[in-house]
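Counting with UniProt numbering, you get residues 1 to 346 for the letters of the sequence shown.
Hints in this document: simulated from the structure, not taken from any laboratory.
Note that the structure is predicted; figures quoted are calculated from it, not measured.
Some hints could be false.
[As the list claims (entries may be wrong)] Beta-carbon label-pair distances, calculated as ranges:
(1) GLN236 with THR197: 21 to 31 Å
(2) THR197 with GLU272: 17 to 27 Å
(3) ALA168 with ARG263: 48 to 58 Å
Glycine included, every Cβ here is placed at the ideal spot set by N, Cα and C.
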Amino acid sequence: MPNQHDAFARDGSPRDTPGEPARGEAGRGEEELSGGGVSATDASGAPDLSTVWLRVFLDVARHGSFTVAARTLGWTQSAVSRQISALEAALGGAPLFDRLPRGVRLTEAGRVLLPHAEAVVERLRGAGRELAALREAAGGRLRVGAFATADAALVPRAIAVFRARHPAVRLTRLQEFTPVLLDLLSADRLDLAVVSTTGRAPLEAYSLHHLLDESLYVAVPAGHPLAAEPSVRLPQLADADWISGSPRPEGTLLDAALRHGFRPRVAHVVAEWTAKQGFVAAGLGVALIPALAAESVRPDIALLPVLDEEAPARAVYAATVRGRSLTPAARAFLAALREAVARIPA
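Turn these sequences into a full structure, and let the hints steer you where they fit.
Structure, rendered in structure tokens:
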């Protein structure tokens, strides 16, 4: 933390040598701070006080001397006296110090004010520390959301990078579908969300930071006739039973099948990727799998790249609310996501 001398220098207080009268702009500023001796309060009745007055008051109380306080601050004694007089006037006129032959001591009013002044100044110092931590992404919170397959590899890797660099940030994470994540962003319940373009939510209200264009695979049982093929086209599976997270293809990865002229027959609705693998391995159908989930595949299923010209590749973004300032922690997490993308098969 800056010392008292630095703080007052930034405030514009005078730096005259002891025994010389205050002069120049700083002296005029002190007269303005004093308010001409008129006590002022805000709408709640609280006195309208300058934090400079409180800091000078604490310095005088600490040293028991206007002279020593002035020397510590690099001010003149008269400058310190003016600050204390302004504070006394703002508080109703009661003296805060008894002047003694050698130094000063707190009056009863000064003793009442002392703990409050200490608390105010310490709270301001604490606010300064917390704001500095936010600027450096060395503190504060970060609320992140992601869709399910982004949580398979991309988001965990980004969290690991982020944690290593910013361990003091309180990071919370939740998993939801893209439309829900966007709603949570709008409601200020998330700072950043990893989303895909397969959702149907309007995107005009959001800033989309592109992460990757994701290739897709068809998962088939190991004994499927197409399992040994190097790739597959969607029309080859027009008659297959499909396993999907929704009974309707619209708004899902299977939306591409409609563009190829067939409506996929969804035999089983299974949302979670691990469970989908179990259904595929049991021969109950095939499933469309994004690259983000392709790393964690059980050995009794095969993944076939989809090679159609209209392959249902999707874009993955980090979404934030348009017009809302991005916190330093959110910017740092976005950078961590970009680093993690380099290690994800696209």
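Status of each hint after checking the structure:
In this structure the hint that GLN236 and THR197 lie 21 to 31 Å apart at CB holds, the actual value being about 25 Å. The hint said 17 to 27 Å for the Cβ distance between THR197 and GLU272, and at roughly 21 Å that hint holds. Range check, ALA168 to ARG263: about 52 Å between beta-carbon atoms, so the 48 to 58 Å window is met.
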